[in-house]
Amino acid sequence: MVTPVIQVQDLNKSFGDNSVLRSVSMDVATGETVVIIGASGSGKTTFLRCLNRLEEPSAGIVRLDGNPVVNSGSEKQIADQRSQFGFVFQRFNLFPHFSALDNVAIGPEKVRGMSKSDARALAGAELKRVHMSDHAMKRPVQLSGGQQQRVAIARALAMKPRVMLFDEPTSALDPELVQEVLDVMKELANGGMTMVVVTHEMNFAREVADRVIYMENGRIAEEGPPEILFRKPKSPGAQRFLRHLTHE
Amino acid sequence: MTIDWGIILKSMPLLGHGVVVTLQVSALASVLGLALGVALGLCSLSHSRPLRWIVAGYVDFIRGTPLLIQIFLVFFALPALGIRFDEFWAGVVALSLNSAAFVAEVVRGGVGSIERGQSEAATAVGMRHRQILVYILLPQAYRQMVPPLTNELISLVKNSSLLSVISVYELTRAGQAIISVHFVPFEIYTLLALYYYVLIKVLSWLSGRLEQRLPTW
Numbered sequence: 001m002v003t004p005v006i007q008v009q010d011l012n013k014s015f016g017d018n019s020v021l022r023s024v025s026m027d028v029a030t031g032e033t034v035v036i037i038g039a040s041g042s043g044k045t046t047f048l049r050c051l052n053r054l055e056e057p058s059a060g061i062v063r064l065d066g067n068p069v070v071n072s073g074s075e076k077q078i079a080d081q082r083s084q085f086g087f088v089f090q091r092f093n094l095f096p097h098f099s100a101l102d103n104v105a106i107g108p109e110k111v112r113g114m115s116k117s118d119a120r121a122l123a124g125a126e127l128k129r130v131h132m133s134d135h136a137m138k139r140p141v142q143l144s145g146g147q148q149q150r151v152a153i154a155r156a157l158a159m160k161p162r163v164m165l166f167d168e169p170t171s172a173l174d175p176e177l178v179q180e181v182l183d184v185m186k187e188l189a190n191g192g193m194t195m196v197v198v199t200h201e202m203n204f205a206r207e208v209a210d211r212v213i214y215m216e217n218g219r220i221a222e223e224g225p226p227e228i229l230f231r232k233p234k235s236p237g238a239q240r241f242l243r244h245l246t247h248e
Numbered sequence: 001m002t003i004d005w006g007i008i009l010k011s012m013p014l015l016g017h018g019v020v021v022t023l024q025v026s027a028l029a030s031v032l033g034l035a036l037g038v039a040l041g042l043c044s045l046s047h048s049r050p051l052r053w054i055v056a057g058y059v060d061f062i063r064g065t066p067l068l069i070q071i072f073l074v075f076f077a078l079p080a081l082g083i084r085f086d087e088f089w090a091g092v093v094a095l096s097l098n099s100a101a102f103v104a105e106v107v108r109g110g111v112g113s114i115e116r117g118q119s120e121a122a123t124a125v126g127m128r129h130r131q132i133l134v135y136i137l138l139p140q141a142y143r144q145m146v147p148p149l150t151n152e153l154i155s156l157v158k159n160s161s162l163l164s165v166i167s168v169y170e171l172t173r174a175g176q177a178i179i180s181v182h183f184v185p186f187e188i189y190t191l192l193a194l195y196y197y198v199l200i201k202v203l204s205w206l207s208g209r210l211e212q213r214l215p216t217w
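So the protein sequences, as listed, match chains A and B.
Those letters in the first sequence? Residues 1 to 248, by the working numbering.
Those letters in the second sequence? Residues 1 to 217, by the working numbering.
In isolation and in its complexed conformation, chain B is listed as follows (with noise of 0.2 Å):
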């Protein structure tokens, strides 16, 4: 087979416009996840066993079904229910509540891995179970939670890529689209590969960089 050169020339400016509608989802969406993700982990973390109860469930849901259906209900079902998005921000919605329940998991296990010792010193000097969390737990737990939340970061990158389907003109969309007209699936594809593999190297970069400058106690 022959590779069309001219055509990744022309392809790599206008997957450009792709990449920037790529990073503008996964940053809105991963603000937007991880603010809700903490929320819940903090209240699975909670003494209210009905709170605990439904983060558990809302996360249970999120985990268990195709990041695809979640996407899908989102811009599809939630208009009926009279909540209605355009594509890109039905994107961002759908990309944050699945981050949010995998933050959530993250927050939970890296405040359950503080040593016991912590609370109790806490409570013993008459801290409440929230200003535990706040000013005790949490601020210890946010070194070894960047690891896990940088995997889910990257898997909230990646799966941007989904959004193509409810045609948010991301990288992915972008990609597709030369290919409807210039039928160049292996070249345009082969780029898209490359573009997300590089957008990732960078991430893992910057969230080592990020590890390195965290103090540990």
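One chain only, chain A, in its complex shape (with noise of 0.2 Å):
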């Protein structure tokens, strides 16, 4: 049997008296595109946050290709594992002293340390994954939210992750803009990536996602192929949510 590159066994999360995430369990495979839907508040992004422990579980244990994810160990041990990860975030959240290039080229430079030229020449490749080798020079301020989130993409992969976690990736775009964004996406998974992604753009999960999971109230309410969940979703919560979806 081949390992799942992601397993998530009970995974719980409280802020306070405030239980986000409850005994969530799920497997990624190797390849798999995984999309999460589901209303605000229902746990989406935090679930992806404890993923690669920008937030913390209360419980539960993720494992990645086998290997316990865990906050303990060196320092060094933790960050390494972590970037395994890459993390796009809804804010895209660019690093607004440096260049695109040296955005992408950080990581590998710091993290990985490699060399300054060798991290800017992976870089380059990156952004041009992600069609802005045009704009590698420029700094995110001069770039649309777009271009600035596809440079984000572009940090990430530089990174050579194990799987691509994505946090509503479009929902801070301009509607003119979203679309830019998705292609990039459908590439990558389309070139046999490991991601998961939370997005309200269901023709996004329709078109792309293997398996599409519904979540609410922190628990994974439902779970399936695009093409069953859509059309025909068993449980109330989610035949509401796509009605709602649908209606808008």
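Misleading hints may appear alongside valid ones.
A few chain A residues that don't get close to chain B, going by computed Cβ distances all over 10 Å [claimed, not checked]: (1) N67; (2) D183; (3) G191; (4) E227.
Coverage of chain A stretches by chain B, computed from C-beta distances (three or more under 8 Å per stretch; other residues unrestricted) [said to hold, decoys possible]: (5) 69 to 75; (6) 94 to 102.
Read the hints as simulated data drawn from the structure, not as lab findings.
Beta carbons: idealized from backbone N, C-alpha and C, even for Gly.
Two independent chains are provided; combine them into the complex using the hints.
Laid out in structure tokens, this is it:
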């Protein structure tokens, strides 16, 4: 049996009395694209942030390639493990004082210990992958939201992660800029990248996802291939959620 | 009362030497204070709890005691522990130690004000805490640190007048020397006030220029 890239077992997270994740378990196979949907407050983002330990889970285990993702050991070990997850934020979070190229190069240089010129060469290749070669020397402030998000994707890719995590990557974008980001993500998925995507873009989910997960109140309420989950949702919550979306 | 214009004219060049010493002390103390302050500020942002406590204790001590006492401690008390400076260097050291505490707070505040998403993005890439501080947060904090650092520099220049009590021959001490010979306190203290005022104005202007030249993101 092939070990899944990610194995999540009974993940729980609470902030004070507020229980955000309740016993979430799931596996992600190599090359699989999993899309997580659900109303805001359902725990999607927190779940994603618990995977790479931006958020410390209250209980449960996350395994990457069979190895538990831990928060003990040296700071370097933890950081190295975290860098196996590429993370794309809703608000891009590019480093404003670096050019697009250096935004991508800083990780390989400082974390992987590559020389500056090697890191920049790699960064150039990753920018090409997201069709941003022409803007390599620009600062984030000179780029549109869609372009910034593509640089952010390249920054994550440059670390050669085992899996890419996307946290509502198009939610902060003007509508006309959404497609260019989704196109890049689709190319990645088709190229065999393992991806977990939190999004409200149902067309993307329908087209690209191998599996869709509907979350509600911190639990996985329903999951399945998009053609089934979108056409014939079983749970009342998913039915309501999807009906609400199509009426928009 | 009559104003002794003759002594004012005679004093102006004499005070010039004091200005030079004031500038020397201030320049040395601000560079040393800045270096030590940045180091302390970074320590106060580190993950090591003892380190943070040490810095917090240091800042607390400096804020909670008068600078004049700190100057006396460096000049009169440290020699008892075998650490001896002449007046000039005692003055530089006292002002640096004082200034460093305030700079540390400015650094801590400046770095702390950078949006959380920045350190999260760097964390997600796999950077370590120290790398994030040095390569991501500190460079973005420079610009907003300039105004409070200017205030600190202005305080430092004005505070350097206190060094007259340990006979550092800076501007205030130079003025006092003239007063003790000619007994013209009104003229000389007014003149001293003017000298300091002009010095501070020039510094504020330079800082404003610097702030404009630093990039915004």
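Exercise for the section: Please flag the earlier hints that this structure goes against, numbers listed from lowest up. Expected result: Of the numbered hints given earlier, the structure breaks just one, which is hint 5.
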